[in-house]
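*Asks:* Spelled out from the first residue to the last, the chains are:
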Amino acid sequence: MLRVNLILILLVVASALGTVSSNYRARRLFTDLEREQARMHSLEVEWGQLQLEQSTWATPARIEKIARDKLHMKQPGAGQVITIEAVP
Amino acid sequence: MKFANSPLLSQRLPAWRSRLLLLGILSGFAVLAGWSIYLQGFNSAFLQEKGAQRYSRVIEMSATRGRIMDRNGEVLAVSTPVKSIWAIPEDAKLQPAQVYRLAHLLEMNVRELNRKLAGNRDFVYLERQIPPDVAARVMALDLPGIHDQPEYRRYYPSGEVSAHVLGFTGADDVGQEGVELAFQSTLAGKSGSRRVIKDRRGHIVEDVDSIRLPQDGKDVVLALDDKIQYLAYANLRQAVIDNKAKAGSIVVLDAKTGEVLALANMPTYNPNNRAKLTGAQLRNRAITDTFEPGSTMKPFTIALALDKGKFRFDSRIQTAPGWLTIGTATIHDSEPHGMLTVAQVIQKSSNIGAAKIALTLPAEEMWDNFERLGFGHPLKLGFPGEVGGRVRPYKNWRPIEQATMAYGNGISVTLMQLAHAYLVFARNGDLIPLSLTKLDAPPLSGKPVFTEQTAHEVRAMLEMVLQPGGTAPKAQVPGYRVAGKTGTAHKVEGGIYVNRYVASFVGFAPASDPRLVIAVMIDEPSAGSYYGGDVAAPVFSKVMAGSLRDLGVAPDAPQPPLQALTAKPPLVREGT
Chain A
832 MLRVNLILIL LVVASALGTV SSNYRARRLF TDLEREQARM HSLEVEWGQL QLEQSTWATP
892 ARIEKIARDK LHMKQPGAGQ VITIEAVP
Chain B
49 MKFANSPLLS QRLPAWRSRL LLLGILSGFA VLAGWSIYLQ GFNSAFLQEK GAQRYSRVIE
109 MSATRGRIMD RNGEVLAVST PVKSIWAIPE DAKLQPAQVY RLAHLLEMNV RELNRKLAGN
169 RDFVYLERQI PPDVAARVMA LDLPGIHDQP EYRRYYPSGE VSAHVLGFTG ADDVGQEGVE
229 LAFQSTLAGK SGSRRVIKDR RGHIVEDVDS IRLPQDGKDV VLALDDKIQY LAYANLRQAV
289 IDNKAKAGSI VVLDAKTGEV LALANMPTYN PNNRAKLTGA QLRNRAITDT FEPGSTMKPF
349 TIALALDKGK FRFDSRIQTA PGWLTIGTAT IHDSEPHGML TVAQVIQKSS NIGAAKIALT
409 LPAEEMWDNF ERLGFGHPLK LGFPGEVGGR VRPYKNWRPI EQATMAYGNG ISVTLMQLAH
469 AYLVFARNGD LIPLSLTKLD APPLSGKPVF TEQTAHEVRA MLEMVLQPGG TAPKAQVPGY
529 RVAGKTGTAH KVEGGIYVNR YVASFVGFAP ASDPRLVIAV MIDEPSAGSY YGGDVAAPVF
589 SKVMAGSLRD LGVAPDAPQP PLQALTAKPP LVREGT
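Listed in order, the protein sequences are those of chains A and B. With the numbering used here applied, the first sequence covers 832 to 919. With the numbering used here applied, the second sequence covers 49 to 624.
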């Protein structure tokens with residue numbers, strides 16, 4: 832009888848310790864998840880800012896100015912364009 | 049002495065003393081029981097809440113507003129988080145060195161910062177909407193009484209170019225104008241909240257439940273084409289400046305799908321910096337302002353007459369001697385033309401020819417024609433302040449009014465309506481609804497207004513307008529066949545025609561298979577010429593040329609001989 836009780840007590844203690852440790856691990860994992868979510872959010876923010884920056888650099892006004900003034904480009908005249916028929 | 053033998057025990061005590069003691073103890077228990085019932089039964093919700101407050105927190109989860117993009121995915125409006133720095137002046141007792149460092153980070157004058165901190169208010173913004181990294185450095189100084197607060201700020205990379213289409217949002221991220229207002233419910237995000245358990249150091253250790261999940265706003269993809277929009281804006285702006293005009297508008301439509309590819313107005317504003325806004329800058333004129341269109345209306349009445357079989361394109365109409373009296377009023381042509389065909393009435397823009405054609409039609413049919421072309425009703429694009437113009441009921445039209453309406457007087461339209469109505473000629477006589485957003489597939493079929501044959505005949509007449517002898521040779525686009533119509537209308541002020549003008553041009557290209565419809569309106573050009581063919585047509589030509597090239601539309605006009613290229617093939621070194 833005593834032996835059965837001892838085994839049961841050991842099992843109870845082991846299960847209690849297991850609960851504690853799994854709870855601890857769950858919280859650790861949750862913190863990791865939190866951190867990754869925060870990182871995701873900050874990356875999203877950064878992406879938005881980069882898009883904004885890209886859009887600002889790529890405004891047609893700026894491109895036209897650089898093409899004309901810096902690179903001395905100009906539009907081809909009507910007689911300088913050949914249209915090629917697409918072959919099906 | 050033994051306790052049992054104590055003489056005190058033999059002393060007789062009054063019975064009330066023990067009863068009093070018992071009563072006291074009992075009442076003590078009663079109070080305890082009552083108190084516990086009070087705490088457990090009546091007050092437990094409050095107490096549990098107080099307990100939960102020690103460890104559980106409800107966190108607001110903000111949602112971002114959706115982006116606005118053009119048809120090619122270029123970002124036109126995007127929200128990005130910023131921080132506002134605020135202070136409680138009473139708590140902010142700073143050393144001069146600290147004030148100096150803070151002012152340096154905020155790029156502020158030290159004196160101004162001191163003035164803000166010296167006020168006796170409870171709360172003061174030091175700087176609003178600064179980049180998060182700057183705010184982080186400010187908070188790293190760890191100054192007393194200085195706090196930060198997250199906010200969102202909306203940026204518009206294209207600035208004034210597409211200001212009227214996009215509109216802007218107010219301080220609380222709610223759309224106030226343009227697409228921002230029209231698509232508010234789509235763009236707006238719904239912030240959420242969740243309950244968590246926090247430890248002593250403020251770390252979240254457990255997620256209890258989500259009260260509401262945050263929903264980010266959805267992106268809106270407009271039909272707008274960033275490059276065409278820029279072309280339209282830049283050329284319109286130049287024309288308004290060159291002609292010393294009061295205002296101007298331009299609209300570019302895709303004739304195949306009814307999508308609005310560009311919409312620009314002058315004067316405009318920079319949505320990123322709205323410090324000094326005036327009402328005139330805010331007006332989205334192409335949609336909210338009506339004007340008497342003038343001769344750009346002629347093709348509609350003439351198309352109706354062709355459709356009803358009253359005239360053929362080569363029927364002859366006498367317009368001599370250059371004026372015509374109807375009732376008590378007399379109408380004029382800008383110069384006498386003599387005998388004209390119907391096609392020439394369009395080409396030379398003869399008011400008398402158009403009036404004579406209109407007078408052969410019943411008023412009701414003409415009115416019905418205007419209705420079916422969408423005049424008199426707002427287009428319902430979803431923009432704030434859309435108006436429908438004015439087409440008076442036909443029952444009280446007098447003959448002179450019917451005659452003048454044929455050439456666009458006594459009727460008012462918006463530029464967008466006019467461009468929309470020209471879709472019937474750019475298409476095969478049918479009208480499709482306009483769309484601000486990018487469409488996955490073009491509308492299957494439109495609402496027929498004219499027969500296909502009529503539409504093609506009018507298209508040919510409109511092509512003549514740009515040829516020698518027409519009113520708008522300046523609208524020509526090298527390499528393409530273009531069709532269009534000029535308009536030059538006196539403005540009406542207080543019911544009287546005054547000597548100020550609205551010059552307009554509406555046209556489409558390539559005429560063999562129209563792809564784009566462009567409408568240009570210049571309000572009060574005052575640097576010499578005020579004719580649509582001189583003022584508005586060149587804008588049309590430049591925007592059309594650039595847009596067709598941008599879209600890669602094949603030229604349909606006979607190509608001129610090549611200039612720069614030689615017959616010799618380029619030298620290529622073969623192999624090594």
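Hints are not guaranteed to be accurate.
Claimed, not checked - When the alpha-carbon atoms are kept at most 25 angstroms apart in a straight line, the in silico BS3-like pairs for lysine-lysine are as follows:
{"no.": "1", "chain 1": "A", "residue 1": "901", "chain 2": "B", "residue 2": "358"}
{"no.": "2", "chain 1": "A", "residue 1": "896", "chain 2": "B", "residue 2": "275"}
{"no.": "3", "chain 1": "A", "residue 1": "901", "chain 2": "B", "residue 2": "486"}
{"no.": "4", "chain 1": "A", "residue 1": "905", "chain 2": "B", "residue 2": "404"}
{"no.": "5", "chain 1": "A", "residue 1": "905", "chain 2": "B", "residue 2": "428"}
{"no.": "6", "chain 1": "B", "residue 1": "428", "chain 2": "B", "residue 2": "486"}
{"no.": "7", "chain 1": "B", "residue 1": "428", "chain 2": "B", "residue 2": "522"}
{"no.": "8", "chain 1": "B", "residue 1": "404", "chain 2": "B", "residue 2": "358"}
Simulated from the structure, these hints should not be mistaken for lab results.
*Asks:* Each hint: holds or not?
*Replies:* Here's how the hints hold up against the structure:
1. A:901 with B:358: violated, 60 angstroms
2. A:896 with B:275: holds, 14 angstroms
3. A:901 with B:486: Given pair residue 901 of chain A, residue 486 of chain B is violated - Cα atoms ~35 angstroms apart, limit 25 angstroms.
4. A:905 with B:404: Violated, at about 49 angstroms.
5. A:905 with B:428: violated, 41 angstroms
6. B:428 with B:486: Holds. Residue 428 of chain B to residue 486 of chain B sits at ~16 angstroms (cutoff 25 angstroms).
7. B:428 with B:522: Roughly 33 angstroms separates the two Cα atoms, so the pair is violated.
8. B:404 with B:358: Holds - the C-alpha atoms of residue 358 of chain B and residue 404 of chain B are around 12 angstroms apart, at most 25 angstroms.
The structure fails to meet hints 1, 3, 4, 5 and 7 from the earlier list, while all remaining hints are met.
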